[in-house]
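Make a model of the complete structure from these sequences and hints.
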Amino acid sequence: MGLFDRFRNRPDRKKVNNDWTLTNGWPAWFGGRSASGADVTPRSAMQMSAVYCAVRILAETVAQLPLHFYRHEILPDGRHRAVKEYGKLYRLLHDEPNPEMTSFVFRELMMVDLCLYGNFYAQIVRNQRGEIDSLYPLQPQNMTVLRDDQARLFYQYTRTGNGADPGEPETVMFMDYEVLHIPALGYNGLVGYSPIQMAMQAVGASLAADEFAATFYANAATPSGVLEFPGALKDPKKIREQWEGGFAGAVNAGKTPVLEEGMTYKPISISPAEAQFLETRKFNIDEIARIFRIPPHMLADLEKSSFSNIEHQSLEFVKYTITPWVSRIEQALKKSLLIGLEKETHFWAFNLEGLLRGDYQSRMQGYAIARQNGWMSANEIRELENMNMIPAEEGGDDYLVNGNMLPLRDAGAAYNNGGSTNE
Numbered sequence: 001m002g003l004f005d006r007f008r009n010r011p012d013r014k015k016v017n018n019d020w021t022l023t024n025g026w027p028a029w030f031g032g033r034s035a036s037g038a039d040v041t042p043r044s045a046m047q048m049s050a051v052y053c054a055v056r057i058l059a060e061t062v063a064q065l066p067l068h069f070y071r072h073e074i075l076p077d078g079r080h081r082a083v084k085e086y087g088k089l090y091r092l093l094h095d096e097p098n099p100e101m102t103s104f105v106f107r108e109l110m111m112v113d114l115c116l117y118g119n120f121y122a123q124i125v126r127n128q129r130g131e132i133d134s135l136y137p138l139q140p141q142n143m144t145v146l147r148d149d150q151a152r153l154f155y156q157y158t159r160t161g162n163g164a165d166p167g168e169p170e171t172v173m174f175m176d177y178e179v180l181h182i183p184a185l186g187y188n189g190l191v192g193y194s195p196i197q198m199a200m201q202a203v204g205a206s207l208a209a210d211e212f213a214a215t216f217y218a219n220a221a222t223p224s225g226v227l228e229f230p231g232a233l234k235d236p237k238k239i240r241e242q243w244e245g246g247f248a249g250a251v252n253a254g255k256t257p258v259l260e261e262g263m264t265y266k267p268i269s270i271s272p273a274e275a276q277f278l279e280t281r282k283f284n285i286d287e288i289a290r291i292f293r294i295p296p297h298m299l300a301d302l303e304k305s306s307f308s309n310i311e312h313q314s315l316e317f318v319k320y321t322i323t324p325w326v327s328r329i330e331q332a333l334k335k336s337l338l339i340g341l342e343k344e345t346h347f348w349a350f351n352l353e354g355l356l357r358g359d360y361q362s363r364m365q366g367y368a369i370a371r372q373n374g375w376m377s378a379n380e381i382r383e384l385e386n387m388n389m390i391p392a393e394e395g396g397d398d399y400l401v402n403g404n405m406l407p408l409r410d411a412g413a414a415y416n417n418g419g420s421t422n423e
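Residue numbers (my numbering): 1 to 423.
Treat the hints as calculated values from the structure; they're not laboratory data.
DSS-like mimics (lysine-lysine), calculated; alpha carbons at most 25 Å apart, straight line: (1) Lys-84 / Lys-319; (2) Lys-319 / Lys-334; (3) Lys-84 / Lys-343; (4) Lys-335 / Lys-84; (5) Lys-343 / Lys-88.
Take a look at the structure:
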């Protein structure tokens with residue numbers, strides 16, 4: 001059963017209930033015209049290579065991270081530990097949130113919506129026992145967050161038909177516990193800003209530069225100019241059309257024009273170098289990198305990158321870009337998908353270990369230090385490297401320390417009563 005079929009099976013939600021008093025609504029952003037004249041929408045922004053690359057990097061990075069479901073457990077000695085659980089809630093986000101999507105596709109779409117619209121919505125579908133059965137993404141451009149007269153949040157979703165049978169728009173009402181809502185940075189803590197909307201002028205300037213580049217090369221990278229004729233022309237429009245048809249456009253680049261009866265061609269435009277066209281396009285990449293907080297080298301701008309700083313930039317990307325996103329998602333999952341005491345005992349957590357791992361030599365040196373100082377066992381190291389475990393009876397779970405290490409208070413114990421080392 002698909003998402004829209006579930007809507008049809010809920011007749012009480014098909015229309016807006018007149019008892020609701022809709023106040024303080026925040027509609028989705030669809031786009032606008034920037035000062036450069038370019039129309040900026042989520043779709044047009046994705047036509048920019050830098051925006052497409054940035055959104056894809058964030059979406060695929062979060063989608064590939066292992067996502068585990070944990071339970072807090074208190075040991076008899078009072079210590080705490082987190083135990084992985086592999087029940088239905090684990091499989092829901094680790095494997096298959098609904099019959100139509102894999103977990104990777106679901107989380108990839110989640111990040112695309114957050115990057116373009118600033119909000120991700122999904123319908124929470126429960127079975128007859130109240131357990132979460134599946135999660136279906138909802139289009140953020142069709143969602144409005146509202147309050148009723150008792151200050152309770154609810155969601156108004158406008159459903160449109162498919163391309164073959166559009167039909168009449170249908171309004172569906174959801175209570176807050178029926179929607180998984182993950183907002184990005186926002187002004188009220190409830191609805192997020194669209195990064196594309198907030199940076200509309202920068203994105204619009206980049207779109208205008210791309211359009212100029214396409215037009216420039218469509219004219220064979222030839223500056224505009226004037227055709228001078230010593231006498232009077234009877235049909236100047238015809239002369240211009242013949243010139244543009246024979247020599248304009250990239251397909252005509254390199255052709256040699258033949259001018260008759262004293263006609264001359266004089267360019268009047270400045271060159272692209274003088275207009276700093278290429279520098280403008282490079283700056284636009286930096287603007288997009290700044291919007292999404294992505295190192296420029298990940299957008300294929302290696303001008304300021306080197307072998308010595310790329311690794312550190314990549315670590316900064318994990319710490320300052322990916323970590324805030326996954327923390328936002330983890331907390332939203334806990335808030336929307338857990339109920340009652342579950343919120344005190346269970347939580348989701350992404351595993352960022354793979355992104356923070358350095359090269360092989362650095363990892364091995366780190367493991368050696370951890371092993372020799374007794375805070376990692378052989379099996380814990382092998383688990384991180386996806387290797388088979390060593391049986392416990394063979395010492396796989398043992399913690400070791402160097403024999404020459406001892407507490408400071410025990411230093412000199414061998415020299416009690418003035419003893420000598422020669423004894």
